[in-house]
Every structure is written in C-alpha cells, then in structure tokens.
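Chains as they are written, first to last, in this note's numbering: chain V, 7 to 312; chain H, 7 to 312; chain W, 7 to 312.
Just so you know, the hints here were simulated from the structure itself, not pulled from any lab data.
Beta carbons: idealized from backbone N, C-alpha and C, even for Gly.
You can trust all of the hints, since none of them are fake.
In the DMTMM-like style, the derived pairs of lysine to aspartate or glutamate whose C-alpha atoms are separated by at most 25 Å in a straight line are:
hint : chain 1 : residue 1 : chain 2 : residue 2
1    : V       : K43       : W       : D45
2    : V       : K128      : V       : E17
3    : H       : K153      : H       : E17
4    : V       : K170      : V       : D255
5    : W       : K43       : V       : D45
6    : V       : K36       : W       : D103
7    : V       : K128      : H       : E40
8    : V       : K153      : V       : D285
9    : W       : K9        : V       : E35
10   : V       : K128      : H       : E35
11   : W       : K128      : V       : E281
12   : V       : K212      : V       : E154
13   : H       : K170      : H       : E237
14   : V       : K264      : V       : E225
15   : W       : K128      : V       : D283
16   : H       : K39       : V       : D45
Non-contacting residues of chain H with respect to chain V, defined by C-beta distances greater than 10 Å in every case (computed):
hint : residue
17   : G117
18   : I203
19   : S216
20   : D218
21   : G250
22   : S253
23   : E260
24   : R287
25   : G310
Stretch by stretch, here's where chain W covers chain V in the computed footprint (C-beta under 8 Å, at least three residues):
hint : region
26   : 271–285
27   : 294–302
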Amino acid sequence: MLKNRSVVTIEDVSDEDLKEIFSIADDMEKLLKENRKADIMQSKIMCTLFYEPSTRTRLSFESAMHRLGGSVISMADVKTSSVSKGETLADTIRMADSYSDIIVIRHPLEGAARLASRFTNKPVINAGDGSGQHPTQTIMDLYTIRKELGHIDGINVLMLGDLKYGRTVHSLIIALSRFNVKITLVSPESLKIPDYILKRVHDEDKIKLSTDLESSLPEADVVYVTRIQRERFTDPNEYQALIGSYSIDSNSLEMMKKDSIIMHPLPRVDEISTEVDRDPRAAYFRQASNGVPVRMALISKIMGVM
Amino acid sequence: MLKNRSVVTIEDVSDEDLKEIFSIADDMEKLLKENRKADIMQSKIMCTLFYEPSTRTRLSFESAMHRLGGSVISMADVKTSSVSKGETLADTIRMADSYSDIIVIRHPLEGAARLASRFTNKPVINAGDGSGQHPTQTIMDLYTIRKELGHIDGINVLMLGDLKYGRTVHSLIIALSRFNVKITLVSPESLKIPDYILKRVHDEDKIKLSTDLESSLPEADVVYVTRIQRERFTDPNEYQALIGSYSIDSNSLEMMKKDSIIMHPLPRVDEISTEVDRDPRAAYFRQASNGVPVRMALISKIMGVM
Amino acid sequence: MLKNRSVVTIEDVSDEDLKEIFSIADDMEKLLKENRKADIMQSKIMCTLFYEPSTRTRLSFESAMHRLGGSVISMADVKTSSVSKGETLADTIRMADSYSDIIVIRHPLEGAARLASRFTNKPVINAGDGSGQHPTQTIMDLYTIRKELGHIDGINVLMLGDLKYGRTVHSLIIALSRFNVKITLVSPESLKIPDYILKRVHDEDKIKLSTDLESSLPEADVVYVTRIQRERFTDPNEYQALIGSYSIDSNSLEMMKKDSIIMHPLPRVDEISTEVDRDPRAAYFRQASNGVPVRMALISKIMGVM
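Next comes chain V alone, as it looks inside the complex:
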C-alpha cells in the first residue's frame, strides 16, 4: 500500500506494489496513445525541488503530473532559492509542504530524500540523492524489461560501464535481485561495483563480475549500459582507452541475441554508438518514454486515486 507514503528507495516498493504500478502504467500508456484525458490530479500541485539540475528527470515528472491534469510548481535551480540565504533542508521542505500535495526532490547528498520525508506529512518521491537511490528510474527500468521481454524472471542481465558511481545501476541491481535473474557486471577494474552494494543484494549467487564485455554479450537478454563520465579520470587518455572496450557499437550487435535489448538511463555520450539506434534491439528511447506512464502510475497510487 503506497497511499500517502513516501518512496525514497526501491525497498519502499513491495513486489505487490510493483505489480500494481506495472498494471496501472499499462493503462496510462493506453490512455496516452488514445489521446484520452486523465483528470484525476486536477487541482493538485506537485512541487519539484531540484538541488542539482536534471532536466530529463524533472520534465518527466512534470509531464506525468500534467498528463494527470495536475499542476506543478518548481524550484529547478537552487541558486535562485531561499537555500542560498542559509535555509535548512527541513525548512525548505516545510515550505513545499505548505504549497503542494506531493513533493519530488533531487539532492546531491545521499539520505537527503529520507531526511526530507521526516519534515512533512505530504508524500515525498526521491528523484535521486547523491550516490544513493533513484527509485522511479528503477521502476521504469523493470517496467521496460517486462514490457520488452514479457517477463523479468529467468533473464540474463549484463550491466556495463561505470558500476562504481552509477546510482542507477546500484538501485537496479538490488531490485533485480528480488527476481530470479542472473546478473553479469562488466566494468573496468577502477569502476567496479562497490562491496556495500553487493551486500544489499538478496542473493549474491545471482551476481557474476567480469572485466570482459565480448565473452558476456552472447548470453545477455538485457544489456544495460551506463555513462562513463570523462570527469572521473584525471588522465583523458585513460578515458579514451577505456571507452572503446566498454561501449556498444554495430560489432556488439552481431554478438548479441536476436531478441535481446539494449538499455541506457540517458543521457548517453560515447557509450552507445549512434549506428546502434536504428536496430530494433535499441530499447533506450522506448525506455525513456516509459518514464511518463510509470510516473503517472506511481503518483496515482501515492495520491490514493488508483
């Protein structure tokens, strides 16, 4: 039961909740395609508090709220806010509480969203807190797998790229381990998955670590690629040397299964060659589109109208 509840980590969403969100998201998607209205949030206000910029995530939430007939007020840029006058997170959240019905927060510090949820009775959705979690991204990733492949149980997932800092993969690994899946983690040694994430995994036997992409590609049903940030490397040549071995191009496509899919949380830079875009297995843009119906479903559940 998500009604009036905050969603800070993917653990706040039970298996039962997930199933319901998926089913409502299916309905929402149908509704969007048929150009029908969903005015269930009319006269409701979402407040988006973004302590670090993320246009993609913010616009996805705002689009979902508007599609439901609701309104949005937005603090998209912390520099133009009371925060610059020294206000605490607690007091800013109390402000959002006064002005809105549901709060979406993005913050550079892990734990900020949980802290925020303690200072308001309104539901808080974590839209990413530092190296912490980003649960709505995870829900939409799971939804995409289920929609593209028909099921999550029984699949082989290859996760590729920056597994050390990538918040998205951390959440997804933990969530996927609740299902009957095999996960292969492929990254350069310097960007491998941290131990504290592996410890939160439900069953460590489901996980295999590797530094070699080619040998792992042929078995994967899902290839989940993440951005390797140039800024992580002090030596730019090191980035250039690595990116070739940990990216997807038309050669990778040849090694992959016919009915597999490629996912990416976006924005992508060099990790997936644009020549891949036209292949039907390139699911990342469809994945991004799923963000709106999934968030519509989550908001509806939390606000108690579905």
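Model the placement of chains H and W on the given structure of chain V, informed by the hints.
Relative to the frame of chain V, chains H and W by itself:
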C-alpha cells in the same frame, strides 16, 4: 473595492478590504482542507516577474493561482530575460500585459512596483520592492495574528531583529498602527527602525523602542522575529556577538506568555533555535501556510470573482 | 495543410495557410477579449526547449498554450540541462518527444530547428535559429500589417536599422515579397542586407536599398524598425553616431503619413524614442499583443483541432 486595482503598498488595502480578504481566506482554507476545487481562475494567466530571486514568495503566488485553477507564466530570473538586452521596466511590463491577466512583480528598487502599475491596465501585485513594501506578506501576517489570537485589537507586539533594513517589519508596523495595539521594537542600536518609517505610523504613542529583549518578552502576545543578515556586518565577530542577544531559544520560551505566538517571515537562519519548533507557540510554519489562502483571497478580490 | 507538420521557415507556411491562420487568430482575439475559454488543448503538453534565452518569445508561446487550456514543460536554460552532460540535440529532441505533444525550439545555430524536426514525429516550431528564421514572428508581423492597414497588397514598407544580422527582417522580407509590395531597406552601409537574402526574395524589383531615412519616410505605410546592437561595434562612438540617423523620434512622426504605422519586434532600446509611444501610429505594443492569438491559431492548426 480592490476589483481591477493594483496592490503596491498596504495603504492600497482599506480596513474594509482587509476584513473581506480575511473572510474569503477562511473560506479558501476550508476549501483546501476539504480537497475541493476552486476553478474561478480557469483560463486566466498570472505573470510572475522576479527581478531578484525569492523562491518562497514566487512559489506561494504560483501555488495560490494553481489552487484557483489558473495558469502561470514566469520570468523567475532576470538574467535570462530581455532586460539583459537593455529593455526598460515599462516595456517589460507592457509585454506581461499582453501575455497575462494579473502581474506579480518583485524588484530590488523601491518604487518599481508603483512605476510598473502605471504602464498596464492589468492589476499589479507588489511582491517586494527593495526596502519598500511587501503588502501580501503584511496581509498574511495580520491574518495569522487574527487567526492565532482571535483578534488584532488590544494586543502587544514585540518586533525583534533587523528593524533597519527589514522590509517586512516596516510594512507590518505601518499596518499594525491602524489597529489598537502596542508595539515594542527590539533591535541592536545599529539596526534600529529608521525615522522615516516611524513618521508613517498612524500614532507614534503606540511604539516603544528598546535594545533589551528579556525585559520585553513577558508582555508580548506576538513575538515577530526577523533575520539578521550576516552580510550587514563587516566584522563576522560582531554578528556572532549580536545574534545571541537578539534570537529566540528555549530560554525565551520560558519568559513568554502561555498563549503568545512566535512569528517569522522565513527563511530563518540562527534567529530562532530549532528547539523552539516543537512548541505550540511556534507559529511561523503555520504563518507560511497562510500565504496560500490569503493570496487566493487577494487574487480573487482583484480579479473580481469574489 | 499544417496538421502534424513542423514550421521551421516561413516557406513551410503556404499562402492558403497564412489566410487560415489570420482568420483563426481573429477568432482567438475575440475569444480573449470576451474572456471565453478555449479548452481545445486540454491534456496536451508543449515542450519549450530554449538553447538561448528569449523570455519574450518563450512567454508568448507559453501564454498561447495556456490560453488554449494546455500545459507547458520548459527547458528555459541550457545550463541546467542534460546538454551540459554532452547530450546531442537529437537525443534531447527524442526526450522532448517522449514528454510532450508539440515542441518549440530556440537555438543559436542556423539549421538546428530543421535538424530537430528530423528526430521526432511530433511537430516542431522554430522559435528562432541563429541568423536563420523565426517564422512565428513573421506571421505575427504580417498579421499586424493586415489588421492595422486592412491589407498587405499594395503597401510600401520601410525597414530600418540592422538589416545585416536581424533575423526578423530577413524572414519578413522574404515573406513580404510573396505579396504585391514595395520594400525600402534603410541601413548604415556596414549593416546592409546580405546578398544571400536578396537572392531568396521572390521578385528583386520590389526591393530598393537606401542609407537615407528622411527621404524614404514620407512614402512608407509601414516603418519596421529593428534594434541596432551596441555589441556590433568595436568603437562605442560609432554606435552613438549611427543610432541618431537610424532611429525614430517625434521629428520622424512629422514626416510620416497620417495613416502609417511603426513596428518593432522588441525589445527596443534607443531606436524608437519613448516620446513616439503615445502616437496612434506606434503599433509595436499592439504588434506584440498579436503574438498570442497568432500563436494560438498556429498551434491549433498544427495540432489539427482547427
């Protein structure tokens, strides 16, 4: 009669207007609590022109407009605007006039809101002009006192902190002096109330100046605290020395009346200790919440639908 | 037929389309004046992607969308966006495609809007691309002439100021040359119209070049003034010397026809003296107001509801 009129200073709002705004705000608050819709502003547009950032004030106006079913267009940041190309205030206001039905303006220069109102037939609401006025803050302060204490006449108000630069207290002192009240102004010598404000007060006998907080606390029905800005002091030690004597903590609570209230325009920094927040006399978050129904009432009056 | 089509240049809009847009804009203006609602865009979302700031253009589009009952999501400032993480225009457009029904783009590079339209099936409106085009400005300029003078055919148009860099005049010259008009282009030698624009004109005989304002003023039915940007000149004295000879003041009014009009895309700085504002021939603020009904008409046509 506020219909189609601009509200630039609290003097633009008569005693009769105030009474009506309070009564409509009561209705609006009830409506918000009962989750009922107020679609009286549907297809109407508010334009918020903020020449200096104030997320709190802007979001409060935007929330009020959305609660009434209206839409908002926003120039939240002067740096991304035509103003940076050398456009005059008059021409920018004429733009807002073309695009909206009601204009909310915040400007660093005193008199800017009055000037703005001369270049449009649409109503203009002053959301703070330099060291000038901020009338909607004042209306919501008066509304809060009336709601918390049941009446404004007959009370003892203690105002604390930066009384020299604090626009909020200037407006409030002038407005309170229209009622039968006693006002004690407590501030460090360097931040005391300017003479030109005292001269605008209706009856100077209602005002008492002091530099000592403790002796004044026991008599106060309302303790109105304002932020002492660190930036006012060239010597940071001077700020540290002062802030202790002009702030509210649990010791202050012991000296205060049982049925008194503490107010603050927010954001607060060090002037009210967070240990005070749990005391029922801490009215500042309730005060902030009142901003939405009060602004809903004012907008409705000005737009002629209430 | 504009239904589901992108509008990147004024050439995308046929003479027949123009006629229909003008007629719908007349209806929209009437509707606005009578305070009636137009909820034909309800549950539809416009995404405004502004890669360079233009508050005037952005708010005009947003106002039009709200007046039609629709919603807006906005990337008003590229610095707070995925673009700063290295995302390509194509991927950003695909994001906007997922989140909205119609995309409005402003970009510093010529051709960006056309490129954008290739990566989405949703209609794209060019809100200005570098020294390229700004078709909605041109449509509203034509609409203003027709509304103010009753017709476009047969008139004498004087265009004044920066004709070299001024995107607005480039589009307007090309569009006007589709009508039976005479165009006199008055500019300092250093800011005269580029040859590549003259070559796109339908009939070069309609165009006359001049550096002398006074001799051209008495014949003009429309005096279209553009901003001469101080930044174009390395020597500030050169700007000061020029601006006097290429601007409109009360002396110019005396030389002009009684029933002529003065237009300007705004913001204006020194090119039109404020003493001109009160003259009934000063049409530039009325021109700006026309932006909303014209954009309402264009959006309605594109979205297939009119």
